[in-house]
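Chain by chain, the residues:
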Amino acid sequence: MPHERLSPRQYLILGSVAICAPLGDTFLSRGMTRIPPISLGHPASLLAAVFTPWIAVGIALLIGFFASYLTALSWADLTFVLPATAFGNVIVALLSHYWLHESISIERWCGISLITVGVGFVAHGPSLTERPALATKQDREQEQMR
Amino acid sequence: MTIPFAPAHLEPWSATAMIAAVVLCSTAGEVLTAAAMKSIGDLDEIRAHSGLKGAIRAVLTCPLFFAGVSFLALAFFSLLFALNHLNLSLVAPASASLTLVTNAIAGKLFLQEDVDRRRWTAAVLVCIGVYLLAH
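As they're listed, the protein sequences go chains A and B.
Residue numbering for the first sequence follows our numbering, beginning at 7 and increasing consecutively.
Residue numbering for the second sequence follows our numbering, beginning at 446 and increasing consecutively.
Hints listed in this document are in silico derivations from the structure and should not be mistaken for laboratory results.
Glycine included, every Cβ here is placed at the ideal spot set by N, Cα and C.
A few of these clues could be false.
Claimed, not checked - Label pairs and their in silico Cβ distance ranges:
1. A:Tyr104 <-> B:Arg563: 28 to 34 angstroms
2. A:His103 <-> B:Ala493: 39 to 45 angstroms
3. A:Gly47 <-> B:Ala493: 47 to 53 angstroms
4. A:His103 <-> B:Thr506: 39 to 45 angstroms
5. B:Thr566 <-> A:Ile112: 22 to 28 angstroms
As the list claims (entries may be wrong) - Over the 10 angstroms line for every Cβ pair with chain A, so calculated as not near, a few chain B residues:
6. Trp458
7. Thr461
8. Leu469
9. Ala473
10. Lys498
11. Phe511
12. Ala512
13. Ser515
14. Leu524
15. Phe526
16. Ala549
17. Ala568
With the hints as extra help, turn the sequences into a complete structure.
See below:
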């Protein structure tokens, strides 16, 4: 099945990857900065952090990200999916600046802009490498049923 | 010596090591996961034929998927550790951007993806972007 042009549903899945990942990261950051510094000598405290509210919501958002990410990887190249979702960096910058009140210099804004331009380059190309049809697990199961 | 994006109490190498750990674990995890999803096939088609349960079963019965998830879990805990010491506006874009470059290389080497001039240009732009982020 050719994947030169993505369907609206596939764009929606990529959008979901781009939004859920930065939102999840922001929740994690909010949660991790509210607890005392963790040292490598006490790894159990890192596990305990998982059950605090901010981090739990962050993890829920990252699960949503992962489901969308897996779906995207099933019909597009890894080198297409990752850049196409890098727009999330811009969302992270906006969230960390306006919500977490972190300062972002002009150089960092320029860096984020370049990353976004790079994403634009990839997004205009084909989503999947054309190659001779490989037998997927689904194909093999259908073959066995015949 | 200090690096601009790391808090003063941190050694310069420790901030670099934290980000490197996230990047390396992410790359291994994403390449293994991508290989798993390609071997399974289009999830939308599987769901159309076998329903959501069929799609979930197809993913959960693939051993390569669990190898990928293990590395992604390592990357996640590396990220939590890094966020405990560094700013989100550095860790998230830097690790995501560097992972993009390492994935372009790994995608070409291990997944035989067509990483053409367009995709390499994107990788170079991202490298410059990362430099500016850390400047």
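Minimum Cβ distance from Thr461 (chain B) to chain A greater than 10 angstroms, as the annotation requires: About 16 angstroms separates Thr461 (chain B) from the closest Cβ of chain A, which puts it past 10 angstroms; holds.
Against chain A, does Phe511 (chain B) keep a CB gap of more than 10 angstroms to every residue? 13 angstroms, holds
If I take the minimum Cβ distance from Leu524 (chain B) to any residue of chain A, is it greater than 10 angstroms? Violated, because the least Cβ-Cβ distance between Leu524 (chain B) and chain A comes to about 7 angstroms, which does not exceed 10 angstroms.
Between His103 (chain A) and Thr506 (chain B), does the C-beta distance stay in 39 to 45 angstroms? This hint holds: roughly 44 angstroms between Cβ atoms.
Should the label of Trp458 (chain B) as a non-interface residue stand, given a Cβ cut-off of 10 angstroms to chain A? The assertion about Trp458 (chain B) holds, with a minimum of 15 angstroms to chain A.
Holds or violated: 22 to 28 angstroms for the Cβ distance of Thr566 (chain B) and Ile112 (chain A)? Given about 24 angstroms between the Cβ atoms, the range holds.
Whether Ala512 (chain B) stays farther than 10 angstroms from all C-beta atoms of chain A, as the label says: 14 angstroms, holds
How does the Cβ-Cβ distance of Gly47 (chain A) and Ala493 (chain B) compare with 47 to 53 angstroms: does it lie in that range? Holds: the Cβ-Cβ distance is about 51 angstroms, inside 47 to 53 angstroms.
10 angstroms cut-off, C-beta based - Lys498 (chain B) kept clear of every residue in chain A: With a cut-off of 10 angstroms, Lys498 (chain B) remains clear of chain A, as the shortest Cβ separation is near 14 angstroms.
Closest CB of chain A to the CB of Phe526 (chain B) still more than 10 angstroms away: It is violated; Phe526 (chain B) is separated from chain A by about 7 angstroms at its closest Cβ, not greater than 10 angstroms.
Is 39 to 45 angstroms right for how far apart the beta carbons of His103 (chain A) and Ala493 (chain B) are? 42 angstroms, holds
Hey, does Ala473 (chain B) actually stay past 10 angstroms from chain A on C-beta? Non-interface label stands for Ala473 (chain B): nearest chain A Cβ at 12 angstroms, farther than 10 angstroms.
The structure shown violates the earlier hints numbered 14, 15, 16, 17.
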